[in-house]
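Visitor: Turn these sequences into a full structure, and let the hints steer you where they fit.
Quick note, the sequences are listed as chains D and V, same order. Here the numbering used here = 1-based position in the first sequence + 12. Here the numbering used here = 1-based position in the second sequence + 12.
None of these hints come from the bench; they were simulated from the model. It is possible that part of the hints are untrue.
Identical copies look the same in the list; a pair holds intra-copy or inter-copy alike.
Computed list of lysine-lysine pairs in DSBU-like fashion (alpha-carbon distance at most 35 Å, straight line) [as the list claims (entries may be wrong)]: (1) K111 x K62; (2) K105 x K90; (3) K90 x K62; (4) K90 x K104; (5) K90 x K111.
2 protein chains.
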Amino acid sequence: MNDAEIVTQLSNHRRTIDNLDAALVRILAERFRATTQVGILKATYDLPAKDEGREALQVERLRRHAEEAEMDPDFAEKLLNFIIDEVVQRHKKIASDAKTAA
Amino acid sequence: MNDAEIVTQLSNHRRTIDNLDAALVRILAERFRATTQVGILKATYDLPAKDEGREALQVERLRRHAEEAEMDPDFAEKLLNFIIDEVVQRHKKIASDAKTAA
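Guide: Right, dumping it as structure tokens:
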């Protein structure tokens, strides 16, 4: 390939990556909307912020999805944990804000 | 809400979260397919694994998407960096495998 062809190929792949990133953000935004509702429910009815049984199921399911999509299941699990850590922190904040307001 | 209603609401939100997670994994799998192609191009034509200018643009665009979707742009940026770190490691592996094979 000459330089122009390399640049064209690279920019084609990058357009794909940018479009997928936009989709990822939108889906994540919707996921946070759902977890916020869960956080409000947990705070209102005094349920624990973390649910180990639920998380184990999520990890198992996600690893299966990753394998089906020929993606590294370890990375999928690491990423889910990264997101769940953020969600748990937010749930704790929702709970403490609810206590302050009460 | 009584206990049955709480359980129903919680499981509804969780079904949404599980569906979105499945979508996230599929999109991420496709993203890795694209970044693998970029990694092969970079290894073949001896381009650097990291591209600071490109990353700065990606972060800026992603933060804008996050704001539009009413999601925390700082978290979107942290997540992108988490994914990019993984991609850079894979690009380095592709490059070193290519050198070993050559």
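Visitor: Hint by hint, note whether the structure agrees.
Guide: For each hint, the structure was consulted:
no.	hint	result
1	K111 x K62	within (18 Å within a copy, 46 Å between copies)
2	K105 x K90	both (23 Å within a copy, 19 Å between copies)
3	K90 x K62	both (17 Å within a copy, 22 Å between copies)
4	K90 x K104	both (21 Å within a copy, 20 Å between copies)
5	K90 x K111	both (32 Å within a copy, 29 Å between copies)
Consistency note: the structure conflicts with none of the earlier hints.
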